[in-house]
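Listed below, chain by chain, are the residues.
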Amino acid sequence: MTTSVAPRSDARSGAGRNPGGADGSPSAPARRARKGTDVRTRVEIAVLAGPATIMFVGFVILPVALAAYYGFYKWQGYGVPTDFVGLQNYAIIFTDPDFRGVLLHNAFIVIGSLLVQGPIAIVLALLLNQRIRGRGLIRVLIFLPYVISEVIVGTGWSLMLQSSGAVNDLLQAVGLGALRADWLSNPDIAIWTLLAIISWKYIGFAVILFLAGLQSIPEELFEAAQLDGASYWQIQRRITLPLLGPTVRIWAFLSIIGSLQLFDLVYIIWGQYIAATAGTSTMATYMVANGRMSGNYGYGNAVAVVIFLISLAVALVYQRFVLRRDTAGALTEKADR
Amino acid sequence: MTRKIRAAAAIALIGATALVAAGCSAGSDAAGGDGGKVTMTFWHNSTTGPGKAFWEKTVKDFEAKNPDVTIKIQAIQNEDLDGKLQTALNSGSAPDVFLQRGGGKMAAMVNAGQLMDISDSIGSTAKDEISAGAFGGYKQDGKTWAMPVDVNPEGIWYSQDLFKKAGIEGTPTTIDELNADIQKLKDAGIQPVAVGAKDAWPAAHWYYNFALRACSESTLTKTAKDLKFTNPCWTQAGKDTKAFFDTKPFNDGYLTTAAQQGAGSSAGLVANHKAAMELMGAWDPGVISSLTPDGKPLPDLGFFPFPEVSGGKGEPGSMMGAVDGFSCSAKAPKKACTDFLNYMTQKPVQEAYYTAFNAIPANKSAQAVVTEPYLKTVLAAYNKAPFVSNYLDTVYGQNVGNALNTSVVNLLAGKGSVDDIVKTVNQAAAKG
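Protein chains in written order, with my numbering: chain A, 1 to 337; chain Z, 1 to 432.
For the record, the hints were derived by calculation from the structure and aren't laboratory data.
Errors might be hidden in some of the hints.
Quick look at which bits of chain A chain Z covers, simulated, 3 or more residues with Cβ under 8 Å [said to hold, decoys possible]:
no. : region
1   : 70 to 79
2   : 153 to 163
3   : 242 to 253
4   : 288 to 297
Sample of chain Z residues at the chain A side, in silico, Cβ under 10 Å [claimed, not checked]:
no. : residue
5   : Asn-111
6   : Gly-312
7   : Val-418
8   : Lys-431
Built from N, CA and C at the ideal position, the CB exists for glycine as well.
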């Protein structure tokens, strides 16, 4: 992004030297040529950026605005909303004990995902960066769950984890019958089960990211360290991990956003109604249960706005404080430019 | 820069194409007025087995008799139907003919002007052969909004073999007898009762039936109007439900058990002799037979009405029960759509309906073909019942109904108290 800005600023300063060309005195052919490029650049920008802009405004900005509008109404979804209630929907959201539960579940998933997936993925990535036999196969196997669709993962695990399912039968068969449990339906265990399934599914993504990050660390650094007599663990701690930092921070960002938006796995495994009872409901399942399933579209839109604001706040804080040095110059203004 | 934008544009284009393609799949092509060629969309909830085949054949036969009418069938899984239907109605792309559950859900559609008034289009067969009671659930403001096709009184479906194995004689008529039988089943190592709590309503139906025993008919009707659960009988019903739940009668992992999908569902457990009974409407034999290992009706299936509870205000013999029927969308072509509804009530179609779904047809002359002893038990109890109430989640509408269902599930999972049921319901009313 930083390099690609250059040609555009040139074009701009070219136009700025001769604003509009209306009162300018350059010779006719030169002017025509410049105007030609100017128009062509504009047309090109319009043609190329237009569709994306329209999509972005139409499918991101406009729905957010509409949700904010509907959130001020009691509305069953039929016709135009008429029953304006101001902030009442928001007042109900923040006093609803179910919504507080939902926030706790989301926070648990956000933190749990980081703490479980991060360390394991780093260890796996370091391991798979070595030349070991069957490395390609292990990489594929670790990445496989990430490729499988959420619906299939959810259906598969929910069948295996049923009280009379394969997991309990397996525990019984290997003599660990005491560990049999209602993995999905016991409210004390369910969210841990969910965390385990999420970790199983998404850890491959973290490993692949970290592997790519490891590949980009120059070999010379390792060689130099080895020449200086650093042990394997010293190299990992002093060189690999610090240089892997940007990758880890980006992964953590993606993981946090994904955890905040978690919906499909919960919806598939616990269905439309009982996620709150099992203690696995998320902000998104709350929105669907209390908005769409109950036919309270005004209320559902208010919930959507709250989710949007929470996600936005988390994303901005993270960008501002954690990703700042990684994205300097790209997403933030660089002072020296 | 240019390359990046191009890539973005390409992605946007792909996205746009996908969205357009997705957008096209829904929506009705109801075009022509009466007389010309007409295409209608038809939503029902029979996604498997003979039920699905029945609707395909019925539509084909109807199209053969009405060459100008084409009907596009869309079978939607029962649990997904209400949500999808609501979305379709909201977005103005409603199907022309769709399953109608009645109650508060229908009232919302009527009030929004989404349904066709079929009062003056009801054919002579439907008028003569379908009882006024069956039509009653589809009446609002003096008009009829849907055509009933079957009656679904509710009770307990059980496996006679498993009852015999546990040494149970006859069927329980009081809740104490039921509890004693459950204990016998447990002693015999049989899971007594299957319940698909994942779908919420199957668990809530236990509460409905306890409410039917505790509350009088007038209380139930009054609550449907003001949605205030203040009468003490509601708390009594909650206490009765909790007392029953506390005996731990249900299958393992009931909370994540679905009602109708697959062998692990509550109907599947009964179909495969993994559980002895379940509380369900009269559509259950059809669902169970589609889940038996050989896909045939369960030979030892039996039925008994919900046991009596002493001391309640509900009249003994009262039943929970719904009528299944179909509505026309307000935008549907009137003649073709009402013709199709009337065609569903013809005797041969209704007899085929009974064969396909193993359920009681609404047409009384077609009821004569019912041979299964369990359906005869259902019919006998139904014809004797002094009061038949529709399911409470339907009566009280989607918003309060859903909250009621989930609060009963909470009670079942030990996460809420009896008082929470009333509290949750009031809270839901505030959201709507």
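Starting from the hint list further up, note which numbers the structure goes against and sort them upward. Per hint list: 3, 6 and 7 violated.
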